[in-house]
Amino acid sequence: MNIVKEIKSDRIGDKYYEVDHSTGLKIFIYPKENNSSTYAVFGTRYGSIDTSFKTSDELEPNTVPAGIAHYLEHKLFESEDGDAFVRYAKTGASANAYTSFDSTCYLFSCTENVYESLEILLDFVQSPYFTEQTVQKEQGIIGQEIRMYDDDPQWRVLFNLLGAMYHNHPVKIDIAGSVESIAKITPELLYKCYNTFYNLNNMVLCVAGNVDYNKVLDLCDKILKPSKPLHLDKIFDEEPLEIVKSRVEQKLSVAAPIFQLGFKEPACKTRLTVQEIAETEILLEILASDASPLFRRLLDAGLINESSFSYEYFEGAGYASVIFAGESKDPDVVADEIKKEITKIRENGLDQAAFERSKKAVYGRVISSFNSVDYLANAMAADAFADRELFRYIDSVASADISSVQNRLNTQMKPEYSALSIVNPVD
Amino acid sequence: MIGIEQRFVCDGVNFRSIKDTKFKTIRMSVNFMLPIQKNTAAANAILPFLLSRASSEYPDFTKLGERLAELYGAEINADVQKLGDVQMLSLSASGIADRYALNGESISTELSKLLCSIIFDPPFEDGLFPQDGFEQEKRQTIELIDSEFNDKRVYAKQRCEEIMCANEPYGIGRYGTKENIKNLKREEITQAWQYLIHNAKIEILVLGDCDPAPVFDDFFNAFQLLKKSTTVPCPTQNIKRAEKANEFTEKMDVAQSKLVIGFRTSSAIPDAEMSAVKLMTAIFGGTPNSKLFLNVREKLSLCYYCSAQYISMKGIMLVQSGVETKNVDRAKEEILIQLDEIKKGNFDDDEINAAKLNMCNSYRSVSDSLGGLESWYLSQTFTNQIKRPEEAAAIIMAVTRQEIIDAANNVTLDTVYRLIGSGEESK
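So the protein lines, in turn, are chains A and B. Positions 1 to 427 (this note's numbering) are the ones given, in order, by the first sequence. Positions 1001 to 1427 (this note's numbering) are the ones given, in order, by the second sequence.
Simulated from the structure, these hints should not be mistaken for laboratory data. Mixed in with the good hints, there may be bad ones.
Stated by the list, open to error - Computed list of lysine to any residue pairs in SDA-like fashion (alpha-carbon distance at most 20 Å, straight line):
| hint | chain 1 | residue 1 | chain 2 | residue 2 |
| --- | --- | --- | --- | --- |
| 1 | A | K234 | A | F101 |
| 2 | B | K1138 | A | A301 |
| 3 | B | K1022 | A | D14 |
| 4 | A | K225 | A | E80 |
As the list claims (entries may be wrong) - Selected chain A positions facing chain B (in silico; Cβ < 8 Å):
| hint | residue |
| --- | --- |
| 5 | S109 |
| 6 | C110 |
| 7 | R147 |
| 8 | P153 |
| 9 | S253 |
| 10 | S289 |
| 11 | D290 |
| 12 | A291 |
| 13 | S307 |
| 14 | E327 |
| 15 | R357 |
| 16 | K360 |
| 17 | N371 |
| 18 | V373 |
As the list claims (entries may be wrong) - Coverage of chain B stretches by chain A, computed from C-beta distances (three or more under 8 Å per stretch; other residues unrestricted):
| hint | stretch |
| --- | --- |
| 19 | 1058 to 1068 |
| 20 | 1072 to 1081 |
| 21 | 1128 to 1139 |
| 22 | 1149 to 1161 |
| 23 | 1252 to 1266 |
| 24 | 1302 to 1311 |
| 25 | 1316 to 1328 |
Even for Gly, the Cβ is constructed at its ideal location relative to N, Cα and C.
Whenever a hint applies, use it, and build me the whole structure from the sequences.
Pasting the structure below:
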């Protein structure tokens, strides 16, 4: 039996369906009748941080090489009877996949042959085929992907920061692993991970666009293979609140220094609520948006530029931090200025007018994101993995009050838990 | 499919709009086009950035930012691009549709007025752009040029284009050079602004869920006041064949080497043969079923990416890849072998159909995003007749096998650019 729930938002003026499929899979369908394209994501709650785990059938935990979730993503495109891209070539769908810290997602977007493309997606993700030879062949390709990231200053500055903030949490390890770690990957290990994490009870299917809800479900009924109930324990070492070191530097071929300033905060396996995230988003908008006094001061002093300065709330299972990023001739001064401004807000409280304005700005950006089927399908998947609901976020933004936003500072952006990562030009 | 409306503003100024209520947002842009020239590129390039930061009504950068935040996080953006030998300077405004404004504001009306005022009514002091804003934008433009060096994939591609087209306007960087930016004087910027609004070819686009009529009126009135009467021609030089192949190697401290190969295709906008070249490029290296992907990446395991791109405004084709230093020549050899395969007709109907379906899929997706629609219509500024995405799709579907072979046989090798790394990650 499939259990169907309709979820509506008066604020957005849209609705979608959430289905508990009889096979154990969660399915989300967001119809957009006037769209030309449809976007589908079939994903599993399994990413680069899941390198240590134990199922209820096992006595000892498994520890697998770094980068294996991403390697598995590459290899799943090959099945015994050929390559998924060859099959998609007949429908015209544009297909891809990505591995993040906590999920692996396979996707396509298409304007015709939607159900044929969906059938390919559901089928190949359920048909693993790994041999010594095919696994070996991927070493060269992923090796070059890793090399490409070795030269990417934005990527390096982030992972250097994560290494400076996290002692044990695997979020500090590169998603693709290293040339050395991926050399240890075997077909057996890939099957082990596949059979553990690609259980439909641990997965979601999200479809947004010009689709018929019933046809999607009929196809799922036909193709999905029921999974056994899953009792999975993901194992993470205890992570202390303290950072590892407050400063880290690397030299790369860049024209000017680039930096990331991170503020580590307490985090547990249970994810933050949409309300906490909305409040943080508004707080960051007040603190550092284009219209903020801090931004203006840094800009006038020639310390940042509009095209590179940014901030984000970086959070997942067992990790959470606020990160500021950009290019600067003097990242240390930028870091000091940001910390000073945080202290000022902590002591003097938030400005009411800035709060109202920032709330409207965040609200408008959330509305804008609902145009895109790519965004919707990926957001529904990410929300499902974080036990959140898509429409709740905008309601939380609209109902946020100034004192709760101010209170986020009780746990957030503490200078004693901050680290600065800099990539400097080669001499 | 919702149609595009066209209105005539004055000589050299086109106004096009697509009203589509499926979008929750609006986007309007004013795109100025001038021939790119060594002595004017820098002064023109800084203009959109300078204009976007203030107007007479909002002379202060922060005040303008606050106003945009109040308009639910609306944005005003500046951009500089090259369309063939043409420098395109754009100012755009985007925001939510009026129906989402919480207090009944008309966002589109406000944005239209803001956009007009920043373009036509800068906050001049004694006829000059304010000194502080001018210095800030000079610095920021120089930093933009610097940041292009940080991404080696982007950098290598630009270097190849620059070397290949050294004797054509296309070889000039879109922002001019750092030296030119440094030496700019405030007086010449006022002149450049006058010249721009009076002499450029101008395309105005208004897209999304808003009534274009009041926006048209705003711009119509502004141009009436201006009495714009001349429009400079914007030709692009199309060198049909390469005389001989140039090789160029640059050394740098990077982990992965980059290879970029530039070809002349003999066809450019507005030639009819362009569609065959587009399809040929897709078969060669435009999809995961292309010759380059299947051979250079999948069969030989030499790289993570190897793809071909056709720049139809200029009639050139670029192949890009990232490889180990020791494999650079092997990759080059294989890329040329695969092009020869197409020249000899060694591809089957499945390959043709896969490329056709892939291209049609991306054409039909254009109407689902405002950014997609904007680039679609801007890229056709210099064609003989504007085509809707579905018309372009029909033309691609009609391209024959022989036309693909002919297109490939007109391709000549012009420039091989290698960015050679030390092969070690710098620490």
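How the hints compare with the structure:
no., hint, verdict
1, A:K234 x A:F101, "holds (13 Å)"
2, B:K1138 x A:A301, "holds (14 Å)"
3, B:K1022 x A:D14, "holds (11 Å)"
4, A:K225 x A:E80, "holds (18 Å)"
5, S109, "holds (7 Å)"
6, C110, "holds (6 Å)"
7, R147, "holds (4 Å)"
8, P153, "holds (5 Å)"
9, S253, "holds (5 Å)"
10, S289, "holds (7 Å)"
11, D290, "holds (4 Å)"
12, A291, "holds (3 Å)"
13, S307, "holds (6 Å)"
14, E327, "holds (6 Å)"
15, R357, "holds (4 Å)"
16, K360, "holds (5 Å)"
17, N371, "holds (5 Å)"
18, V373, "holds (7 Å)"
19, 1058 to 1068, "holds (count 5)"
20, 1072 to 1081, "holds (count 3)"
21, 1128 to 1139, "holds (count 3)"
22, 1149 to 1161, "holds (count 5)"
23, 1252 to 1266, "holds (count 5)"
24, 1302 to 1311, "holds (count 4)"
25, 1316 to 1328, "holds (count 3)"
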